[in-house]
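Fit chain to chain and form the complex, with the hints in mind.
Spelled out, the chains give:
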Amino acid sequence: MTHGPYLFFCRKYHILLMQPAHNPVSFLFVLMISSVLFSCNPGNRETESESNDRKIGVLLVNHGSRSEAWRNSLLDLEKNVRDSILQGGEIKDVKTAFMEYTEPSIATRLKEFDREGYSDVILVPVFLTVSSHSFDDIPTLIGQKDDPQSIESFKIEKMERYTPQAKVHITPLLDFTDILKKNILRRYTEVSKDAANEGLVLIAYGDKTYNTEWTRLMQNVGDYVKEHTAVTDYDFGWCGHIAHYNPDSTTLPVSQVLKKKKEAVVIPVLVAFDEMFQGRIIPNGIKKIPSSKEKVIYRPDAILPDRNVEEWVIRTSLDFSNNIVHPKTAKAK
Amino acid sequence: MFSASTGRKLRRLNLTWHRDLGYFFSSLIIIYCISGLALNHLDDWDPDFIIHRKTVQFPANLSVSQVTDDKVAEFSKLVEESHFKIYDFPTDNQVKIYYDNASLHVNLETGTGQYEKIVKRHLFYEANVLHRNSLAGWKWVSDIFAIMLIVISVTGLFILRGKYGFRRRGAWFMLAGLLLPVVAVWLFYYTS
Chain U
1 MTHGPYLFFC RKYHILLMQP AHNPVSFLFV LMISSVLFSC NPGNRETESE
51 SNDRKIGVLL VNHGSRSEAW RNSLLDLEKN VRDSILQGGE IKDVKTAFME
101 YTEPSIATRL KEFDREGYSD VILVPVFLTV SSHSFDDIPT LIGQKDDPQS
151 IESFKIEKME RYTPQAKVHI TPLLDFTDIL KKNILRRYTE VSKDAANEGL
201 VLIAYGDKTY NTEWTRLMQN VGDYVKEHTA VTDYDFGWCG HIAHYNPDST
251 TLPVSQVLKK KKEAVVIPVL VAFDEMFQGR IIPNGIKKIP SSKEKVIYRP
301 DAILPDRNVE EWVIRTSLDF SNNIVHPKTA KAK
Chain F
1 MFSASTGRKL RRLNLTWHRD LGYFFSSLII IYCISGLALN HLDDWDPDFI
51 IHRKTVQFPA NLSVSQVTDD KVAEFSKLVE ESHFKIYDFP TDNQVKIYYD
101 NASLHVNLET GTGQYEKIVK RHLFYEANVL HRNSLAGWKW VSDIFAIMLI
151 VISVTGLFIL RGKYGFRRRG AWFMLAGLLL PVVAVWLFYY TS
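In order, the protein sequence lines correspond to chains U and F. FYI, in my numbering the residues of the first sequence are 1 to 333. FYI, in my numbering the residues of the second sequence are 1 to 192.
No wet-lab data here; the hints were simulated from the structure. Zero decoy hints are in this set.
Within a straight-line C-alpha distance of at most 27 Å, the following computed DSSO-like cross-link-like pairs (lysine-lysine) qualify:
id : chain 1 : residue 1 : chain 2 : residue 2
1  : U       : K181      : U       : K295
2  : F       : K139      : U       : K158
3  : F       : K85       : U       : K155
4  : U       : K182      : U       : K262
5  : U       : K111      : F       : K139
6  : U       : K295      : U       : K260
7  : F       : K85       : U       : K167
8  : U       : K95       : U       : K79
9  : F       : K77       : F       : K117
10 : F       : K117      : U       : K158
11 : F       : K85       : U       : K208
12 : U       : K259      : U       : K287
13 : U       : K155      : F       : K139
Here are some, though not all, of the chain F residues that point toward chain U, as calculated from beta-carbon distances under 7 Å:
id : residue
14 : D43
15 : K85
16 : P90
17 : Y98
18 : N101
19 : I118
20 : S134
Even for Gly, the Cβ is constructed at its ideal location relative to N, Cα and C.
The shape of chain F in the complex, shown without the other chains (with noise of 0.2 Å):
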């Protein structure tokens, strides 16, 4: 199809592009990979943030207009606070306390209290901004990223030649590989 030489420099073309993009791409790659192992667990975990929560008992029978300032700055000593933000009543015989990067949800009925600090699990939460395209303007970086990903894949694939080419070895390879997604397609659509 090609002389020799020309087959040369396509190759010599292919494997610049598969390396130098491979350099280029491999802390994206990596990021995505974390990012995205951390967010296939959303049922399991929260992949953004750690949340410090802490189950505290204050005076049991208090009624709305006995949640006062004072008595929402003696809730907060209990649990560390020094100021809070305002507080409201979500139902009757509820008030959520807000601070910096905390709130107290206490029962006054039972006089239960549940404090929540939330704190950034970072390397995590970086990596998931950028994965989720909450920055704007990312994404078109992503769809670049994506791009060049599926360059990569498809000079990858013409690198090696002879016994270990794609010709021979890499297509049983290929083929073994693309069954595992046609496969988990074919189970989606006959047995659920």
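Here chain U stands alone, though its shape is the one from the complex (with noise of 0.2 Å):
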């Protein structure tokens, strides 16, 4: 009746995929049980069968943007990992859609998978961490829920609503994994002079229903960032709808930062680079500080590209087919 716990199964369930590799005990007890399960139960081969009928596509799906760089970076994720997700042939194509602003749509895509006969879509959300986008938006355009405010959003916004024929399986997103702490730490270290004299100030989009979650984020790669450097001070703001795409709102936690240490490093959360963001709104924030061209060290730079986030897509995908593939294996670990 509802999707709700099959999602939040497919989330949870993504974490215990991943834990074999680490626990090599638990590992062969998989194998075994699936050994034993795939001998002994004639219906296995069956849903073998079924399963290899199967036809799967993975859809990498992100925000959306008009700035042109934006889009390409994502573009350059989807040619990154398309050879490597192929390889395995389980899965027979990867598209790239954009949730809004600009064409291929998530709709006009999952036409296209309709068209050329797939059975299973694996959505990728290329997104930060959960937000109404993620958890409302995306389903609510494939037909998986109903939400309200979503609905009459779409509408405004001419976003079309499409369900596929295809089943739609919506893959964990990026906070559930340690790369964006260690993407952070990177583009920090890449830039940073004097770590013990630097503050660091995190900007990232945000979300005014998931705050609280956004927040911890924040926290979590701040003090990874203190953990690996000398840096002893953090803060971090929002720049997106939340912050009315406020330049103050990237001034005020370099003010507080500096009220510390000699020295700001800023470093955009951001999936990609757009103009409006790295270029305009985060600039014209430190604009306002005082002395902030000796103060400040900014690269208006993004998380991609990243080798971590290519390996993540390639591995969620992987997964993600492997279970649909062979489900029984896959329940039984």
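Okay, structure coming up:
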């Protein structure tokens, strides 16, 4: 009756899938159980055969932007993961969809998958953490939910809802892993000059409904950088809709950090480069700091490109396809 | 430049165009103005919807596994919803329940639920649909409308003659009106 428990199961289950590599005993146990199951139950052969008839595609879904640079980063992500995902042979195609602003939209891509006879689509949301987009908008766009606010905003934004014939499996978000922490640490160390005298400022998009989760994510990332460098202070702010795209939300955490430290290093926690955010809102916020040129270190970069993100997309896609093709084995795990 | 009779004909034509286009587009001008006012204050209010919010207290310290269909139906009764569509878990301590035009977001740890019912802000909503070109094909109507507004403005400049005509009083007022956007753009470039 509900997709909810299923979706939650998928998210939790993903973590279980990731664990056997770290735990050889449980992995062997899983292998034993699955071999017993497959050898004893003839019904499984049928399931296996049905599974082999499946045609699986991967859809990388991102927020979308009017910025061409932003879209190109996401298209590059697809290019960089394509061969590795297709190599196994279970997944037949990889496509990218933009949730808002530009084509190809999610509806366009799902229609293509349907036309090409796909039975399953693994939807990988390239989003940092839980937000109304990942939790409400995407499932509503593909007909898995009917969020009233999302439906109304789609009408206004002319975003098409489409329920595909293919079964759509939504994967977990980026924050289920350590990728973001490592990404920010790498980018910080690349620009840092004197960590002991610097404070870290993280600027992310933010989300009103899931402010607690976004705050926790920033704290986790900030703590991680503290653990691995000589940085002792950090702060964070939002630059998205929650902050009304106001540069002051960047100025505030920078000035907080500068109360304690000589310099502030500002790192955008944004998936890709967008002229509006890294090019205008954040630098305009920095400019308001007196002597900002001497006191603030800022490089307008983004999370992408990142080899770890690519590997995460590849691993997640392959795990999910394995779960679709060999459901019994995966469940035994 | 023109003979007197040609001049009279042109003025009459100018007046006719200004008058009839003005009549024809008056409703659309008002609709766009209402919507313009509404959208101008996007940061202060939602120009399309009225969202009725209600905070409801449920038992605290529930776990995700305890949230069953029956429990969700129980929650729903407390917000006067007779049946729910689906429910899902955004995090391991939250559940969101979906209804027709409403949702209930419950923090299972604290037991605090946020119920939101969405209702269209009629008149504004419809005006905004047109102003934002949310209707397929409407952008062509909008383009024509924009061009016609230019025609209405320009023809308006040449209706009166003499002391209150464009060449005397009109030109000064037009320049004064132009000053406003010029100063605004200057401020944008040199102060921000």
